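One-letter residues, chain by chain:
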Amino acid sequence: MKLKELTINNFMPYKGEQRVSFPQHETQNVMLLFGDNMRGKTSFLNAMRWGFYGNAVGRHLRVIPRINLVNIEAATDGDWSMSIVLKFSEAGKEFEIRRRIEKKSHVSQPKQDADFEESVGLRVNGKAISGDAIENQINQVVPEEISRFFLFDGELLQEYENLLIEESEQGDKIKERIEQALGVPALIHGRDEFSNLLKDARRIQAKDAKKNTELKRFAEQQNQLEIRLTSLKNDLEDLLAQRMVIEKQVDDIDDELKNTEAVQRKKIELERLSAERKAAEDQIFNLNNSQRELLRTAWLDVLHKNMSPMLELIKTKRDNLQAVAETKAVLNSKIKILQKSIDDPTCATCKQSIPQENIQPIRDEISRLRAEEELSIYDPSEIRVLNSKIDRLSVIRSAEEGRRLRQNESSLQKLQVSLIRIESKEDELQEEIKGFDTDRIIRQRNKRDSLKAQQTRLNRDIDEIKASCDKNNKEQDHIATLISKSTGGLGQKSSIRVTMYQELEAIFATGIDRLRDGLRGEVERFATAAFAALTTEYSYSGLQINSNYGLSIIDQAGRVLKERSAGAEQIVALSLIDGLNRTARKAGPIVMDTPLGRLDPKHRNNVLKYLPKMADQVVLLVHEGEIDPDRDIQNFAARIGARYQIERISATESRIVKSD
Amino acid sequence: MDEPTRIGLTAEAGAQLEDLLDELNPNKGIEGIKLIKFDLYRLAVALGLKKSEVAPPLAGNSTSSLRVSELDPDGVLYLAAEQSEVLPADAPVYGFIERLAEAGVREFYAFYQTTGQLPFDQYFDE
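If you read the sequences in order, they're chains A and B. Under this note's numbering, the first residue of the first sequence is numbered -16, with each subsequent residue one higher. Under this note's numbering, the first residue of the second sequence is numbered 532, with each subsequent residue one higher.
Please note: incorrect hints may appear among the correct ones.
Label pairs and their in silico Cβ distance ranges [claimed, not checked]:
no. : chain 1 : residue 1 : chain 2 : residue 2 : range
1   : A       : 302       : B       : 562       : 44 to 54 Å
2   : A       : 251       : B       : 605       : 57 to 67 Å
3   : A       : 300       : B       : 620       : 19 to 29 Å
4   : A       : 317       : B       : 605       : 40 to 50 Å
5   : A       : 381       : B       : 620       : 22 to 32 Å
6   : B       : 620       : A       : 264       : 49 to 59 Å
7   : B       : 562       : A       : 435       : 48 to 58 Å
If you are wondering where the hints come from, they were derived from the structure by calculation, not from laboratory data. Because the structure is a prediction, the values reported are computed rather than measured. Even glycine gets a Cβ: it sits at the ideal position worked out from N, Cα and C.
The task is simple: from the sequences and hints, build the whole structure.
Structure (structure tokens):
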């Protein structure tokens, strides 16, 4: 099957008519549709699903109500109609499906599915197919059972991890769908049919046996077992219904809690920011205090720097004057000593007289010293004035207030910027968590715990009832065999029929097991080949499939890898999808929504190289975080047949445009 | 030359000084170090002396609200102003100081009004 064209009208975020043509080239078989989160990638996938099968699914595979399928903007404008036209080819035939819903004319404001009228039309090679044959025809070409593997939501990849958990409820559901895609139900239905026929045959046999005195006892036992079986099955149905209700409640709470996990994280972040803000505010307060303290004496720092040169000048002047005073004193002292020696020329120690010829040089020296002394002029009061000035100017001391004020100011500015950043982040987070009730989150957690406990009890009861049903069946079979082999029953038509159905049921049961084993082997082989192409770890030897179609990674020593990264999970899940797609009854195009979300660049590269080989047509719905439109595309540019972009018009409206 | 015993600012600059103190000091009821008029007045004079520019006479009457003995108890401002090269020959030193304060406070106020802060980088450049 090859997709040709999709025309969307008023579907979810797509208001008005929007058309997408799929690549038809044999090697340029990849179509890329880029779109940010919340813009409408999953809605695009759902548009295709709804076009084919008339249902669109949300999380946990819940069907989206019709009222939510019609574009809100169009509905506000009074247009309550929505339609999808899908053109595709299969085995040389051209198909065109037109599916449309419209508000019933008597309904003013639709509230439920029944308020809409659905119409569907199918043309094969231009010829209209009659209404009752349409769904059957579509399912022959594109069976809904396999839609999960070609209309594939990558965000559901995680669900495939549940396949590894034996007896997990979700794993059972997925297993059921896998088997539907692989064709196992044909045999299961056959076995169930024979099981019903056997039940009827046993009843008739019991009725016949009632007429025989020898077998009357067996007939009575068989009746009792039949009544018991009916009762067990009724109980089982009740319990399964109860479990379904609880599962839905748990899923709903899980969805809500998943959203609130982000709220919890944001609350913690808010508390951290609040502490950071408080610390910044305290620092700002302390710095402002310090600034004021410094401002009080900053004038002294300014004067100190201003007056320092002058102070030095005054000090030098004072020192010079003091030096003159000292010189004058020394000269006076010398003059006094010399004058004394002239006035009394006898030596005080040796009592000898200074010779007359030596007196004149002393007189000359005194004259020279006097001349020098007369040149050393100073005013002692000037020194006093200078000293007084020095004392007053020395009061001007600097504590480096200016430098510290500048430093503090710079720190303050940084802190102010940081505070603004913190406050705006706080505002953003407050806005994001506005309207969330944290008490409700706790209540919902408790409710979930209680529901899970109920679910466990129900599972145990269901298992017990199933075991009782099996036991009952075996007992019924045993009694039926006893009747068949008894003299009274032997050769009886009803006994022959019972034996025949018992054998046929056993044949089909064996067939189911063999088919499952064979299919699992096929899936494992294809998935292992895909895994080898996708993984970057060469020490892995392959994948091993379990009874649930879950895949384990096997290392070179044949051991199962216990811990797997999120990226490895995604690679394994993609390998499984490829394996299933190749094993399925019908291969089709692959439309994948967000397939590369958790992959590192190397794995992403491998996946991008491998995806074009997975099917004749591959449609990837991606955001730019998954595939860089410039870098990643180079690796498989030759395989791209078409590129589209989802453009945001508003929160409730998007448009698909072709890009180069 | 007779020196005044009280000096101050014009009414306008006085109001600006009050506004500045309101802006720079913590809000009412909040603990913390507080500035008083003398602090900014002395800083304005010191910065005026540093600039060594002739300060214009006061545009109006001075409020004479500050006692010189309290503003300049050690005569440090007087001494520094006395050494200034731009000290007018026929004016009292404290009159000169008053002019410097008036010009300085007006400048503080103008800066604060424009930028929300005082230009410490400019005032205290190395």
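Status of each hint after checking the structure:
1. In this structure, residue 302/A and residue 562/B meet the distance hint of 44 to 54 Å, their C-beta atoms being roughly 49 Å apart.
2. Distance hint for residue 251/A and residue 605/B: a CB-CB separation of about 58 Å, consistent with the stated range 57 to 67 Å.
3. Between residue 300/A and residue 620/B the beta carbons are some 22 Å apart, a value that agrees with the proposed interval 19 to 29 Å.
4. Between residue 317/A and residue 605/B, the C-beta spacing of about 43 Å keeps the proposed range 40 to 50 Å intact.
5. For residue 381/A and residue 620/B, the Cβ-Cβ distance of about 30 Å falls inside the hinted range of 22 to 32 Å, so the restraint holds.
6. The beta-carbon spacing between residue 620/B and residue 264/A, approximately 53 Å, falls within the hinted interval of 49 to 59 Å.
7. Look at residue 562/B against residue 435/A: about 55 Å separates their beta carbons, and that is inside 48 to 58 Å.
In this structure, every one of the numbered hints holds.
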